[in-house]
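Chains S and U, in that order, give the protein sequences.
One point on numbering: in this note's numbering, the residue at position 359 of the first sequence is 386, and numbering is uninterrupted.
One point on numbering: in this note's numbering, the residue at position 221 of the second sequence is 213, and numbering is uninterrupted.
Since the hints were made in silico from the structure, they are not lab data.
Please note that the accuracy of each hint is not assured.
Unchecked claim - From the derived model, a few chain U residues whose C-beta atoms are all more than 12 Å from chain S:
1. F25
2. G58
3. S178
What the hints assert, rightly or not - Per label pair, the in silico range of CB-to-CB distance:
4. S:L376 with U:V60: 58 to 64 Å
5. S:I321 with U:V60: 49 to 55 Å
6. U:R16 with S:G314: 53 to 59 Å
7. S:A412 with U:S26: 45 to 51 Å
8. U:R21 with S:L37: 46 to 52 Å
9. U:V6 with S:L376: 54 to 60 Å
10. U:V60 with S:E337: 33 to 39 Å
11. S:T299 with U:A114: 56 to 62 Å
12. U:R21 with S:P52: 46 to 52 Å
13. S:G314 with U:V6: 53 to 59 Å
14. U:L71 with S:L336: 25 to 31 Å
15. S:I321 with U:H96: 28 to 34 Å
16. S:L336 with U:R21: 30 to 36 Å
17. S:E337 with U:R70: 33 to 39 Å
Unchecked claim - Now the stretches of chain U that chain S is said to cover, found in silico as 3 or more residues with beta-carbon under 8 Å:
18. 43 to 55
19. 88 to 95
Every residue, glycine too, gets a C-beta built ideally from N, C-alpha and C.
Below are the chains, spelled out letter by letter.
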Amino acid sequence: MTPQATRLSLRDGLRVASVGLRARPLRAALSALGIAIGTAAIVAILGLSSSSQAGLLAEIDRLGTNLLTVEAGQRLTGGEAKLPVEAPGRLTLLDHVDAVAHTGLVPDAKVYRSSLVPAANSGGLQVRAASLNLPSVLGTGLARGDWLNAGTARAPVAVLGAVAAARLGIDRVHPGQRIWLGGRWFDVAGILRRSPLAPEVDASALVGYPAARRYLGFVSVARGGRAPGPPSTIHVRTATGHEAAVQALLAPTANPEAPNEVSVSQPSDVLTARASAAGAFDSLFLGLGVVALIVGAVGVANIMIISVLERRSEIGLRRALGATKGQIRMQFLTESILLAVLGGAAGVLVGILATVVYAGAKGWAVVIPVEAWAGGLASAVLIGALAGLLPAVRASRLSPTAALRTA
Amino acid sequence: MSDTVLELDAVTKVYGEQREGAARVSALRGVSFSVRRGELVAIVGPSGSGKSTLLHVMGTLERPSGGVVRIGGVDAARLGDRALSRLRAREIGFVFQRFFLAEHATVRENVADGLLYAGVPAAERDARADEALDRVGLAHRATFRPTALSGGERQRVAIARALVGRPAIVLADEPTGNLDSVTGASIMALLRELHDGGATILMITHDAALADRLPRRIRMLDGQVVSDAGAGA
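Given only the sequences and the hints, what does the whole structure look like? Please build it.
Here it is, written out as structure tokens:
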């Protein structure tokens, strides 16, 4: 008979270690709950931040990274620069430029729900004249109603950006829907969807250039003539792969006399930065998850200590049947780890479920980082081992005769 | 000497000796006897006579303060925890007054657990458990839970668990203590039957009448053996 023969097989070891859990399943479930909650919180937070990042990246992909924005910058002498009225036309002529749309901020024009709203309550909304191809260049569309056409662009008709519509309290479009814009009534033709690549459009009421000129006095002098304008923001859709080349030419082309007064940007950069910020997890909730894990660990340790006290006779019997101190220690340590891992596994499942439900509602791809679930399970094993160590050592040191003594 | 399975030589046990100022209680004061293979021995004495301590010392659950305990010729004092555990797993079977059966396991599992720490593979444990249950007349109860059994049946399960490893000696601590007299008598009959089948059994009891029906009786009082009747019979 070899000394090694007294070692329990893995199957026997697990069976012995799960005796306590099988005998009192409700207690086991409750004591594992803390760890389950902590793990669920951590997995959900990691999963949600990864999924929201994936969602943003997918949105960037959809919107395209080939949109460049040209804006009026600052004069060297201070003060706001202006773009020449001819700038959009000139930019269209550049190689690899597929489309050019532009808006012109109408200074001093404000928009209100009605004429009765005090002038100061402008809600931070702007009025912009817009070129007719704006939605297609921005990759956005109409949430409600219609976009401007050659006819309505001349009439007192406006289309609201998504944010502007929400602030004005207008969520549908019907005939006779009007807003008080620049001191007169404008009909509302439609509401745009959000355009993440041009946030300033979201917070604007958009009118046609001819209408802006006729009703809002939006006029500038160019080549001796008078034209509506000037444009303040020009959106340039380039051929994919030529963004950098086109970007270099935009400022000198838009304003050859003062290229340094033109500011050029690639708005998808901003979204990309936002995506990486979304990937950073919410440290507050993560901290709460860790606290729940610690509380869970204390709960498991507590239950294990009680369990050892209650099961003194079982420990005595096992010693009488030939269990070594080490085997008793291992039994309770494994039981504690099993308990924590059950809690951790349940937590991982709940965390994944929460991520799937939330990401599904938001239309994001579900991304659960490996670190989240593997880390959740690994920390459960660690917590179980730490929480079970003291009770297991106590169990193994229990004198078998004291454990067997009849009360 | 191979015929002697258990040998005690001037065994003493003093409680409270480790702690300063604690009351010292001498539970055993120089106990010597030996048990040969195939004997059925009663250790009888009133409560407080040291017989429970004696059982624990014989079962290597407790180390004596002095003297020598030999099991199968091996001095238990020389063995560490692992070797002692192995000795208990293979050479000693215990039967307790309170049975100590696992309520959430079947009768067969309870009996098979008697071999759990002896390094016997699971399939063989189950086969030998069925065999042991057959010997105590409970083969038909193998898949029951202990809670569904009567007290006498539970004690039979505990006896089967003690026997399943074919130990050199079975130590029974008041095996009829929790049973009514009729059931107790049937357990005694079973122990005799097992003894006739070759098992070495040492039984502790406070019941002198019960002890008188066994072939050998060791009487204890105040931690000492006062008589040893029927030895060598």
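To see whether the hints hold, each was checked on the structure:
no.	hint	verdict
1	F25	holds (21 Å)
2	G58	holds (18 Å)
3	S178	holds (22 Å)
4	S:L376 with U:V60: 58 to 64 Å	holds (59 Å)
5	S:I321 with U:V60: 49 to 55 Å	holds (52 Å)
6	U:R16 with S:G314: 53 to 59 Å	holds (56 Å)
7	S:A412 with U:S26: 45 to 51 Å	holds (47 Å)
8	U:R21 with S:L37: 46 to 52 Å	holds (47 Å)
9	U:V6 with S:L376: 54 to 60 Å	holds (57 Å)
10	U:V60 with S:E337: 33 to 39 Å	holds (37 Å)
11	S:T299 with U:A114: 56 to 62 Å	holds (59 Å)
12	U:R21 with S:P52: 46 to 52 Å	holds (49 Å)
13	S:G314 with U:V6: 53 to 59 Å	holds (56 Å)
14	U:L71 with S:L336: 25 to 31 Å	holds (29 Å)
15	S:I321 with U:H96: 28 to 34 Å	holds (31 Å)
16	S:L336 with U:R21: 30 to 36 Å	holds (33 Å)
17	S:E337 with U:R70: 33 to 39 Å	holds (35 Å)
18	43 to 55	holds (count 4)
19	88 to 95	holds (count 6)
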